[in-house]
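Student: What follows is each chain in one-letter form.
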Amino acid sequence: MASRRGYMTGFILASVLMALATFLVSSHALPPFALLLAIMACAGFAVIAQVYFLLHIDISEHNIWNTVALVAFIPLFVITIGLTWWMFSQLYLRTMPMIPGMPGMH
Amino acid sequence: MSSSETVVDPDKVRLWSEDYEGHDVISTRTFGFWMYVLSDAMLFATLFAAYGVLSYPHSYYTGPTPAQFVAPWYTFVQTMALFLSVLVYGWAMASLKDGNKSGVINGLLGALVLGILFLALDIHDVMRLVAAGITPEVSGGLSAFYCLTQVHAAHIFAGLIWIIVMLWQVARKGFTEDVVGRLISLRMFWQFQAVMWVFIYVFVYLWGYMS
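Residue numbers (this note's numbering), protein chains in the order written: chain A, 1 to 106; chain B, 107 to 317.
Bound conformation, chain A alone:
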């Protein structure tokens, strides 16, 4: 539960991961797709660290219902963002005029 040590751990983990992501992006250390995967991993681990160490989302008796509520919301997040993005990407693919040299267009 809430302790100075736990909050410090969450802070250090999230900060180091964000510093790493910033360094990778600003130095262009990796090819674009690998870079995207790397910063996605940084974001994922930083969020997990924050949710566990800061928001105390775990399976203890005290917090289990908060955890259940969050898990129930995750499909909603995925549907809201993923389905919208998929729908529009297909729409653009089929309806947008082809401008030569525009990346992402076929």
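Quick caveat, the hints were computed from the structure, so don't treat them as lab data.
Glycine included, C-beta positions come from ideal geometry on N, C-alpha and C.
Any given hint could be a false lead.
Covered stretches of chain A, going by a simulated chain B footprint (3 or more residues, C-beta under 8 Å) [said to hold, decoys possible]: (1) 11-24; (2) 34-42.
Each pair of labels, with its calculated beta carbon distance range [unchecked claim]: (3) A:ARG5 to B:GLY128: 46 to 54 Å; (4) A:ILE79 to B:GLY239: 34 to 42 Å; (5) A:ILE48 to B:VAL113: 36 to 44 Å.
Place chain B on chain A using the hints.
Tutor: The following block gives chain B in isolation, referenced to the frame of chain A:
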């Protein structure tokens, strides 16, 4: 285990409690506030979806893209200001457990100052962009960019006002049940802003900068 395997008589089984078994006020309010936080996350999810569909090359058309105007290390300083603010708020909550009133007030003050620093850096960044002619009406992509980042900034502003109110209430009322419950709710609200900022920083600022 054994209780779940016991065969029960449908006529005699007790499906719910006859009386109200009671929940303490703080845990009920805290759970309710967590529901609010999750619905707020849905608001952010819709804005992320809008940004996702409006961050194609044609969304900016010939105007400026984040690759041209995002400054990663500047925004990293903003990130650290917010993370430190959340950390110091966490220390305030640890002091609350010890019943240390001055520790709570110092923690809230520290979180307030660092939160103001975050907001000041954000406003400075927006003014830099506006001075360069990079405004929301330039393109759909920029509208989505500004909407998402500034809705987050508006949450920070609301949180700062809440911190000021809690400073006043801790000083005047002490650790009453209401005040402690509100401190816990504000803790979730403030930490949630840091979680949302991770997504905004990585997927809007950094990804925008590299693409």
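Student: Next, verify each hint and record whether it holds.
Tutor: So, going through the hints one by one against the coordinates:
1. 11-24: holds (count 7)
2. 34-42: Satisfied; 5 residues make the cut.
3. A:ARG5 to B:GLY128: 46 to 54 Å: violated, 33 Å
4. A:ILE79 to B:GLY239: 34 to 42 Å: Roughly 37 Å apart at Cβ, these two residues keep to the hinted range, so it holds.
5. A:ILE48 to B:VAL113: 36 to 44 Å: holds, 43 Å
The earlier numbered hint that this structure contradicts is number 3, and it is the only one.
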